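*Asks:* Sequences and hints are given; from them, build the entire structure.
Those sequence lines, one after another, are chains A and B.
First residue of the first sequence: 43, per our numbering; consecutive thereafter.
First residue of the second sequence: 25, per our numbering; consecutive thereafter.
No lab work stands behind these hints, which were simulated from the structure alone.
Remember, it's a predicted structure, so these values are computed and weren't measured experimentally.
Keep in mind that the hints are not guaranteed to be accurate.
[Unchecked claim] For each label pair, taking beta carbons as the anchor points, the in silico distance ranges come out as:
(1) Tyr46/A x Gly113/B: 52 to 62 Å
(2) Pro236/A x Glu362/B: 48 to 58 Å
(3) Glu142/A x Lys415/B: 28 to 38 Å
(4) Gly119/A x Leu203/B: 34 to 44 Å
(5) Asp196/A x Ala32/B: 47 to 57 Å
(6) Ser178/A x Lys538/B: 12 to 22 Å
Quick reminder that beta carbons are idealized off the backbone N, C-alpha and C, glycines included.
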Amino acid sequence: MEHYNMNLTLKIWRQKNKNDKGGFQSFQVKNISSEMSFLEMLDVLNEQLINDNQDPIAFDHDCREGICGMCSLYINGKPHGEWKGNTTCQLHMRAFKDGETVTIEPWRAKAFPVIKDLIVDRSPLDRIIQAGGYISVNTGNAVDGNSLPINKDDADASFAAAMCIGCGACVAACKNSSAMLFLSAKVAHLALLPQGAPERHSRVMNMVAQMDKEGFGACTNTGACEATCPKEISISNIARLNLEYLSASIVAEK
Amino acid sequence: MLDAKIPAGQLDDKWTDYKGHCKLVNPANKRKLEVIVIGTGLAGASAAASLGEMGYKVKAFCFQDSPRRAHSIAAQGGINAAKNYQNDGDSVFRLFYDTIKGGDYRARESNVHRLSEVSANIIDQCVAQGVPFAREYGGLLSNRSFGGTQVQRTFYAAGQTGQQLLIGAYQALERQVALGNVKMYNRHEMLDVVVIDGKTQGIIARDLVSGNLERHFGNAVLLCTGGYGNVFYLSTNAMGSNVTAIWKAHKKGAAFGNPCFTQIHPTCIPVSGDHQSKLTLMSESLRNDGRIWVPKNVGETRKAIDIPEIERDYYLERRYPAFGNLVPRDVASRAAKERCDAGFGVGTSKQAVYLDFADAILRYGKIEVGKEGRENVSEEEIIVLGKEVIKEKYGNLFDMYEKITGENPYELPMRIYPAVHYTMGGLWVDYELQTTVKGLYCLGEANFSDHGANRLGASALMQGLADGYFVIPYTLGNYLADEIYNKPVSIDHPAFIEAENEVAKRINTLMNVKGSQSVESLHKRLGKIMWDKCGMARNAEGLKQAIEEIKELRKEFWNDVKIPGTINEFNPELDKANRVADFMELGELMCIDALERNESCGGHFREEYQTPEGEALRDDGNYMYVSAWKLKSESNWELHKEELKYDVIKPTQRNYK
Ligand code: SF4
Ligand code: FES
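*Replies:* Laid out in C-alpha cells, this is it:
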C-alpha cells in the first residue's frame, strides 16, 4: 500500500452548547498521512487549535476500534463516512485525496440534541433499552448453560442482531430520524432465543412506545439505515419486529 | 499490618464456608443502604445490577455517554470457565492451577480458587440473560482453547465476546434503572472519595457536561474503573481509560498493589507513525491458527511471500516446542522483542513480526475437500475453501486489520508487535475485595488480586463478572450489615465540603497554569519514558533515570500545561488534563515498584534477572509477596508486604518448553 500525504479543507459544525444556534467553520490541515485514522486527523487539528489559542473541536470517541459505539460523525453527508460497514474511528485517511474539502457534522435528529460541536445526546437509546431490552433474570437464578440447547442458526442470527453497537447512525441516516433498526436489532436478538420468549410481547410493545415518546420518526422502509450501519445490521430485523409487534397486538386485544 | 482476611480451612471449602457465615442484611434494611458504583464495565455493571436486584439503593457513574461504552466491550477472545463440557480433563482445580502458574506464582491462592469456582456460574448467568455465545450444530455451547492452556475452556461469541457479555450486564443494569433501583449518572467522573473517621461515606463527582461538582453520599463505594495502561500513552485501552478514581482512593489511604505488573499483549497492530493515538489488539485466538515467524537473515528485504520456508524462523515453535505459538502472553511478547532487537524485525519500522495463516488456510481447505470426498482438487481451489473457513472464524478481525493497515491478511501475513494491554496491578484488596480503607471496594481489572504477574487469556472477563455478579453481593453485605445502625451522613458535612473544595482548587490550579504545551504532548512524553524504561524489559539504571525524568516532567506539566476553554462548560481537554495529572504521579510509583522488585516474574522482566536461555528468573526466597504501597507524602511511599503462602500449589519455574 502506497502512503501519501495530503492537505485538506475541513468544514466543521461548531456549536457552543445546546442553546447556541451553531454554524460551520472552515479549517486547513496540512501533511496528513494516509495512514492516519480520521480521528487522528482531528487530533492533529485540535493540537493546532490549542496552539493557536482557539477552542478545540469537541467530538465523541472512546475505544477507537469500532466497537464501543461512541464515535458519531456525519462526514460528507454520510454517518461514519464513505466506507461500508465502518465506524468513524475506523475510517482511515487513505479514503481521501489531497486538496479535498471534508464536511463534518453531528448526528442530526430531533431526539438527539447537540451538546457541543459534534457531540449529541443519545440517552434516548438507553431509555428504549430500559423499556424492555432485556431478559428479566436476576443474578443467581440460572440453570446450567447447556440445559437449553439452541439451534445454531438461531443463535447465529441472534448474535448478528446483537452486534449493534448503539451508535445511532441509523437514526442519523434516516430522513424520518427513525430508530427502528436499533430497536429491531434488540428485539430480534432476544426474540430469536428461547430465553427471550416469556417477555416477547410486552418487550416489543413497551420498546416501541418508548421510541415514539422520545420523538423518533416512523419507519417508511427507505433502507438508509441498513446501508449506513457500521455493523451491517439487516433490515430484515425490522420485518421481524413488525411481526412481533403484530402478534403482540393481537394478544393484547384478546 | 495488611490483613487479607482469608478464611481459615481447606482451600476448596473457604468460599462455601464464608458464604455460610457472612453477615446478611434483611430486605427492609437494604432499601436504606446506598451503594455507589464507579465504572460500568463488566465488573461495575454486573455489581450495580446485582446489588440493585438485591434491593440496595445504587448510584452508578460512568464518564462515557452510556454505560454500554465501557472498554470491557472491546475484549475479543473469550471467557474461561471450568465447565469441562469438552471432556478434556478440565476442572475447577485445573483452572485455578493454570491461573496461578500463568501468573508466575504472584497471586493469592484463595482468591484465584474462588474465581475458578464461580467461573461456571458466570456462563450460566450470561446464557440466561440471552448472551448469544457460539454454539455447535447440536445446539450446545462451543469452546476453544486460548493462549497458555491445554484444555478447551474458553466460551466466546465470535471475536466480540466482551461486547456480548457487557451488553448482557448493561441490559441487566438498565432493567434496574427502569425499576428505580439504580440511578445512572452518565458523563460523570469521580474526582475524590470522601472518608470520615476512616470510613468511606461518598464521593465528589464532576458532571462533564456542565462542569459542576457534585457530592454523593454512599454507605459504600465500589471502584470498578478498569486498568491504567494509558499511563504508557499508547495502549489497547480506550482513549478515556484512566487511573483517576483508584488514584484518588490511593491518595485517601488505599494501598496500591503491584503497580508495575503490566501485561504487554503479543499480537497488536504495530505503530505506524507519530500520529498514532492508540493501538489495536488482534485477538490472541489468532495464535490458534497463525504461525509467528521472522526471516532468518538480518536486514531481509524480500516480501514475506517471497521468503522460502527454510529461510524463516518460527521462533516460538523453535524455542517452546510443547506450547509453540500458544505460549502465554508475557513469553510471546518478550520473544518478539528479542527477535526485533536482534535485527530480525519486519515492516518499515522493523518493529514487527509476521503472523501467518497460509498453513492454516491450506489445512482447512484440505479438510473441506475431504468432507466433500473429492480428489484431484487444485491447490488454488483448496486455498479458496480454506479462506472461507478462516473467514468464518476470524472474519471480523481480518476486516479490522485491513481497515487499519490497508493490507489484505488473506493474501499477506499480518504484521504484529506487542503493546500494553492490561494492568495486573491495582488497588490492594482483601478476600472481600475491600481496600485498606473501610467501605471502599475495588473490583475487576482495577484491583490487583487474581492474575499475579501475568494474566492468562480469557481471564479478565471472567474476573470482572465473578467480582460483580458472585463475590461482591456476599462480601458487601458482610460490611453493610453493621452500617444499618448508622445514619446517612449529610452531604453538607464539613468533610464533603472540604473534599469538594480540594477538587475545585486542583481544577482551578490546572486551568490557571495557562502554559504553552498541550495535555496530549505531555502525555506522549510520559508514555515514552514509561515504554522505554518501565515496559517490556526493565533494569535498575533505567528505572532510576525514569523516576527522575517523570518528576521533572510532572513539574513541567504543572508549570506549562495549556488547557483551553473554561471550567463550567463541556471541556474534554480539561477532563484529559485531570487524568494525565494522575498518570504523572502513578508513573513514578510504577517505576519505584519495578525497581524494588529485584527479580523477574511474569510481565515484570528485569534484565538483570534472567536464566541463561533468557527466561524470567524469579526469586521466591526474597520476593514472594505482594507489594502494597501506601502514600505518605508527595513522591514518598511506604512498602507493605503481603507474604504469599502456597498451601496447595508448589511453585516451580514456569516451563512451556
Ligand atoms: S443498528 Fe447499526 S447504525 Fe443503528 S445503532 Fe445499531 S450499530 Fe448503530
Ligand atoms: S470510538 Fe468506539 S466505536 Fe468508534
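*Asks:* So which of those numbered hints doesn't the model satisfy?
*Replies:* 6
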